[in-house]
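Each chain is listed here by its residues.
Protein chains: 2
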Amino acid sequence: MMTKRWRRVALAVFLLPALAIAAPAPRPNLVLIVADDHGTDALGCYGNPVIRTPHLDALAAAGTRYTHAFGTTASCSPSRSVLLTGQHNHRNGMYGLQHPPHGFQSFAGGRSLPGRLAAAGYRTARIGKFHVAPESVYPFEAVLSGGAANDPASLGRSPVEMADQAAPFLAAKDPRPFFLYFAVDDPHRGNVVLPDGRPSFDTYPAPNPFGNRPEGYPGVTAVRYDPATVIVPPFLPDTPECRAELAEYYQAVSRLDQGVGRLMELLRASGQLERTLVVYLSDNGVAFPGAKTTLYDPGVRLPLIVAAPGHRRPGSVQDALVSWADLTPTLLAFAGVDAPAGEFDGRSFVAGLDGLPLPGWDEVYGSHSLHEITMYYPMRSVRTRTHKLILNLAPGQDFPLALDLRQSPTWISAQRGGTGVYGRRPIAQFLRRPGIELYDLTRDPHEAENLAESPAHAAVRRDLLARLQTFRARSRDPWLATETP
Amino acid sequence: MMTKRWRRVALAVFLLPALAIAAPAPRPNLVLIVADDHGTDALGCYGNPVIRTPHLDALAAAGTRYTHAFGTTASCSPSRSVLLTGQHNHRNGMYGLQHPPHGFQSFAGGRSLPGRLAAAGYRTARIGKFHVAPESVYPFEAVLSGGAANDPASLGRSPVEMADQAAPFLAAKDPRPFFLYFAVDDPHRGNVVLPDGRPSFDTYPAPNPFGNRPEGYPGVTAVRYDPATVIVPPFLPDTPECRAELAEYYQAVSRLDQGVGRLMELLRASGQLERTLVVYLSDNGVAFPGAKTTLYDPGVRLPLIVAAPGHRRPGSVQDALVSWADLTPTLLAFAGVDAPAGEFDGRSFVAGLDGLPLPGWDEVYGSHSLHEITMYYPMRSVRTRTHKLILNLAPGQDFPLALDLRQSPTWISAQRGGTGVYGRRPIAQFLRRPGIELYDLTRDPHEAENLAESPAHAAVRRDLLARLQTFRARSRDPWLATETP
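Chain order of the listed sequences is Z and C. Residue numbers for the first sequence follow the numbering used here, beginning at 41 and rising by one. Residue numbers for the second sequence follow the numbering used here, beginning at 41 and rising by one.
Looking at chain Z on its own, in the form it has when it is part of the complex (with noise of 0.2 Å):
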């Protein structure tokens, strides 16, 4: 057990020199950053050569990055409300997004992460964008920023600032451990408000700006890119509109991890880094058709990276199958905070922290209910190591696109190019789906060759089903009741 373990740790480095070995161990801190619409395309230890990610890759080279980590639904409250409660937001409540006319929230007399770790003792904070609701559910002590879901001027834009506005936090004198929840608005698409009060992506044909602004941002180099030299991953289209966008999203990336940077240089100096378990992922994949709102892989295989204290494998590479359904069960654990297992719908990974394989994460599951309020599309998927399986429950309908991705100009010229693609799938494909999607991942890593109705694939997608459906019981999902005679 990781937990054992760092209180060994714990008490070698803080306690024995003060010789109170027979205080109680203290508990770590957590500190939980979470960002908007980070696909794993866009990081230097994921393996992308041109972008600089060079705090983020320094955090994966001091813990354990994560291959097959995966969220639970592409879209940022719901996603956000698995992350914290460890249920599937069909089981929490929070079906779609929080903020107007939208205004989806998890049930009351829930609990999630921050009220956990209250009640055990923690000091807990939350800074940069929040997006979920109703705060009774997700109640944090000291709120050092709101944020605002589509607030151009929001303060998760800056992400060095944001840090800095968290130092006083992190470097309070309080025997209670912390936890601190760092939301960064970075890499969401940048919006403006109309004079109605809603949010317009609109900038075809130039890029959307990711955020990037002339002025720039306090504390932040801007780092900028070549639309020649970004790396174009095989869901999206190979064209200017495309590149010149991937160009945007590459620069907010690099602020983010400046912000990133900025965070640890700033718990170091608060002497707490040593006992703090730090955690990166995002919300969902990037802000393109094709990855976020999807359960394809783009939009729920995530960067995951965890640095924590005491950690013997620096640098290494963990495998297992996990998904935002286990955070909440795996940091309790890391805390040594019980909680009944029954009251979440994933597990603790934390015997893996550090990197050494877990045998049996072979397998997560997806949930997508709506987005927008007007973006009813739900989905329940499968996926193992080899296959994937999607359910899609209202098939009858185009696949609905978000607004941001709407008003996309890599989607707009894709639309008025005439090939009919986009990516590696037709746009018909894409827009209109069956109510089975079966793909062997192995084969087909892209998802565009769907076998559902295949013979030769008659055996995987019984078994896959029958696993799904399982699941989708034992998570109370309310759809199942659609199809019962």
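The hints are simulated quantities; they were obtained by calculation from the structure and are not laboratory data. There are no misleading hints in this set.
Facing chain Z, from chain C, some residues (calculated, C-beta under 10 Å):
(1) His130
(2) Arg131
(3) Met134
(4) Gly143
(5) Ser409
(6) Glu412
(7) Ile413
(8) Pro418
(9) Ala434
(10) Pro435
(11) Asp438
(12) Pro440
(13) Arg516
(14) Trp519
(15) Thr522
All residues carry an ideal CB built from backbone N, CA and C; glycine is no exception.
Could you slot chain C onto chain Z? The hints should help.
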């Protein structure tokens, strides 16, 4: 203006005897009685010769009966949110049912009838079914009984007892005028609660009991009906299962009628009747497929009976087209409480409260979004005296059936009956709907023949669509954004 007239009456009745001529006129009391799933099909005063509703008939005889009153959405929580805010559900945020696992709420910061009345000096109380949220948007000073959605043991099933529990509020020695929100659970279908907490309405082949129980309810004389004599409305199948269910429904209506009678008796005993406006209405039509959750007339053309103090035309009939979005503006106007008209989607029909003709009240709008969280089926409608146009915004799916309707023996037997017809429509037509439906209500009052593609009706279609889009823009319909290129 009714308000001025009522103030004159109030002066004559209450103030002159006390010689307090210079005192400000007292504001009227308001009692809003809301039934649950009660259609116009089951009321004596609306022409049903079988059902016994003497107290509601007496209310109509003392006041005004509305022949063209419309809910804007045939779903409980959304409809009540419209009643209480004067805004369509797509504007106030209550897109679907409030209770878990659905979890819809109105937007924080919204204002509603009880809050506005309290700010104007009213004391306010609610009793029975609430089913809207949050409390901050729908604040009542006193909660005489919370009621509970889908709770078979709710007080809302015992309307005479409910009236008795409201008596102290009516008779309180308090100089302030009052607003009582009296929301019965009758004649909703009855359910049991399964061990896992989910409701079940499954009684097939026996009829759903509609809350009727062998031991009866305090103060209620059970009025039983012979299935052979009930009136089967045209939208329902004339089958033994349906007749048996209608008999149960009638019994529940006769029960609620006795609650209304008891409430009126207590109002009279309190000495408040002559200064109290009493409104009776239903949130939506009867709980059978073809009515509830649809925008067809059986779902939204509803009872509305208003008995105003000093009514000059007892027993009058009002044929203005009014909707539940008009109710809050109307009651506020009657109470003399100002509110900016721009905050409402509806408008006051106070000038027609005692039956005077209302020129220009010739169209109503409907807006349905969801019911259960799994039942996304956004529809918008405009209805005039001669036509109805329904815009189905997600027509690719089969029309979803609510649990209580899907489990009804009436529906199950129609499915199994093999005729393929339900009421006046083929089942396939009922379940599978085009993007636009257009009905000529003069020749086809049962909305069976869709004329949307009829060249002879192109002008009507164009005109109604234009009106509907104007309404949607004015009422800030979020779904409009999905239609922008």
